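S.K.: Protein chains in written order, with the working numbering: chain A, 1 to 315; chain B, 1 to 315.
No incorrect hints appear here.
Cβ-to-Cβ under 7 Å is the rule here; a few derived chain A residues that face chain B:
{"id": "1", "residue": "D35"}
{"id": "2", "residue": "A37"}
{"id": "3", "residue": "V38"}
{"id": "4", "residue": "S44"}
{"id": "5", "residue": "T47"}
{"id": "6", "residue": "S48"}
{"id": "7", "residue": "V49"}
{"id": "8", "residue": "M51"}
{"id": "9", "residue": "M83"}
{"id": "10", "residue": "P149"}
{"id": "11", "residue": "L151"}
{"id": "12", "residue": "R152"}
In silico lysine to aspartate or glutamate, EDC-like type, Cα no more than 20 Å apart, as pairs:
{"id": "13", "chain 1": "A", "residue 1": "K132", "chain 2": "B", "residue 2": "E98"}
{"id": "14", "chain 1": "B", "residue 1": "K132", "chain 2": "A", "residue 2": "E98"}
{"id": "15", "chain 1": "B", "residue 1": "K8", "chain 2": "B", "residue 2": "D106"}
{"id": "16", "chain 1": "B", "residue 1": "K132", "chain 2": "A", "residue 2": "D61"}
Hints listed in this document are in silico derivations from the structure and should not be mistaken for laboratory results. Predicted model, so just to flag it, every value in this text is computed and none were measured. Glycine residues also receive a C-beta, built at the ideal position from the N, C-alpha and C atoms.
Number of protein chains: 2
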Amino acid sequence: MDGETVGKLGEFGVIGRITKGLPLAPAVSVGPGDDAAVFLVNGSSVTSVDMLVEGVHFRRDWVPAEALGRRAVAVAAADIEAMGAYQLGLLVGLSVPEDIPVSWIDDLAKGIRAECDASGAALLGGDLTRSKDVVISVTVLGETRGAQPVLRSGARVGDVVAFRGRLGWSAGGLAVLSRGFRSPRALVEAYQSPQVPYGAGAEARLAGATSMIDVSDGLVADLGHIASESEVCIDIDTGRFDIPDPLHAVAAATGADPMHFILTGGEDHALVATFPLGSVPPEWQVIGVVTDGEAGVLVDGAPHSGAGGWDHFRR
Amino acid sequence: MDGETVGKLGEFGVIGRITKGLPLAPAVSVGPGDDAAVFLVNGSSVTSVDMLVEGVHFRRDWVPAEALGRRAVAVAAADIEAMGAYQLGLLVGLSVPEDIPVSWIDDLAKGIRAECDASGAALLGGDLTRSKDVVISVTVLGETRGAQPVLRSGARVGDVVAFRGRLGWSAGGLAVLSRGFRSPRALVEAYQSPQVPYGAGAEARLAGATSMIDVSDGLVADLGHIASESEVCIDIDTGRFDIPDPLHAVAAATGADPMHFILTGGEDHALVATFPLGSVPPEWQVIGVVTDGEAGVLVDGAPHSGAGGWDHFRR
Chain A
1 MDGETVGKLG EFGVIGRITK GLPLAPAVSV GPGDDAAVFL VNGSSVTSVD
51 MLVEGVHFRR DWVPAEALGR RAVAVAAADI EAMGAYQLGL LVGLSVPEDI
101 PVSWIDDLAK GIRAECDASG AALLGGDLTR SKDVVISVTV LGETRGAQPV
151 LRSGARVGDV VAFRGRLGWS AGGLAVLSRG FRSPRALVEA YQSPQVPYGA
201 GAEARLAGAT SMIDVSDGLV ADLGHIASES EVCIDIDTGR FDIPDPLHAV
251 AAATGADPMH FILTGGEDHA LVATFPLGSV PPEWQVIGVV TDGEAGVLVD
301 GAPHSGAGGW DHFRR
Chain B
1 MDGETVGKLG EFGVIGRITK GLPLAPAVSV GPGDDAAVFL VNGSSVTSVD
51 MLVEGVHFRR DWVPAEALGR RAVAVAAADI EAMGAYQLGL LVGLSVPEDI
101 PVSWIDDLAK GIRAECDASG AALLGGDLTR SKDVVISVTV LGETRGAQPV
151 LRSGARVGDV VAFRGRLGWS AGGLAVLSRG FRSPRALVEA YQSPQVPYGA
201 GAEARLAGAT SMIDVSDGLV ADLGHIASES EVCIDIDTGR FDIPDPLHAV
251 AAATGADPMH FILTGGEDHA LVATFPLGSV PPEWQVIGVV TDGEAGVLVD
301 GAPHSGAGGW DHFRR
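Isolated chain A (complex conformation) (with noise of 0.2 Å):
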């Protein structure tokens, strides 16, 4: 198949490589193939989309195909995971340039299929169509086994801040392939695709989480949407942060302060939650406090300066 393209295979050719072999989880009974997928859901249903688009989250030449395969599920599962709810199955929607190779494709499934496994979600459908440049939207579905999900409206005043992944890897590794560099390695790759803290959304919610979110805009701007939905202050308190050994050196050879990419960095799906004192899991990492100031975040009790993180329309 080398040197093959899409547009060559045609899309249900390329359809059937992707679907080839997949395994179905056992509350799947109609897998991809037919008009729609059926399985069993354990508890509500809990469903969010995220949409990847070439030119603005990502560029071919910085995310291989593999890694944005992984990276696509990642963002989509993190939201199931803010929710405190299980994985059950995700649907994926493609649009790509008819030129593109069919090994690009065959990277980008490997790289759904892994994180799949690695989240427990099984691979539900999808869409093939024709685009001028790569989009993935990914359509996530889990179940609350009966759960209350952890909304974002729930965080009280004495509730302690704190969060479990990583902040500012995905920022630091864009600062530096935006400079022309491949290290440090850790943050490049971080940046191609996030390590979502599987199991830490339901973690949080059997240890009494009162609110989360994941930080896919930046920490200070989604704890704004805990703060604001849970008419809250949050108070960050940047002392109780260890940078990590990557994040320094990126800071050191960029000029930047280490704790910007940690408070406004987006794409590295930690969760953050709000906790009742005393019942913060120990895998999770106290950043602050709730009070009963106005609505809104604070860093080390002042205004961030800044804008605290992305909005896709405002650069």
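Knowing the structure of chain A, use the given hints to seat chain B on it.
M.R.: Frame of chain A, contents of chain B only:
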């Protein structure tokens, strides 16, 4: 808001406009605005995704935003019908150029909501991002309410083939627009947004349909999926079709055979199903039989000449 663009209003401003005042169905406990939506499913869950790409599936000057919103929902919702299932909800992934007017988004959202109302689905959530061309990805969710879904693989020798909905109208409308005309108006509107026969999927299942599909790529092409999955031969009798007046008109004007539109035109999302003899519901039109010939589709007993339908990577 005259002249306001999405780029100026920002991602969260636009999302707020789309979701403001959105009614929530009783089954939905968490609607748009948190990390994910939460809702109850009666029976098994049924799901599918469809993408519409500007320049491939539509041109903005040929499809007004409101009709496009209706179309995006309709093409996806038709897959729930084709399983004989019930509409429940949907998610919309939308990427748009930053210079797009907010009024265009408002009209698109109006169309999405109108088609949600027509289909009985709730708008559960979405994602909004930036791209060069408009891309809309709709994931639909349905429920079986305890019934067995109708698959592509169940057609049996001796069944009759019947459809409900429209065939060839959308292709006729596209032929009209491609030649620079705007009438017959009924065809142009059918191209802009198809009229899915909501409820007909469950109707067919209750009548005993053995297999079913919605006509997205073209009648011959989509019956080909039933034929190959069911390992049967499907013989279509062209004498069975009533050719609608607007198709006569456009065929005469373009020098085409109106049966060409009916047999190969996609995107009307009629439902076509196989039924045991004597079980066809009144509003369904019988157009053929299932025989034990070689798996495939015959037209008046002979192989159909020509492609028969649409492949996104083969024009």
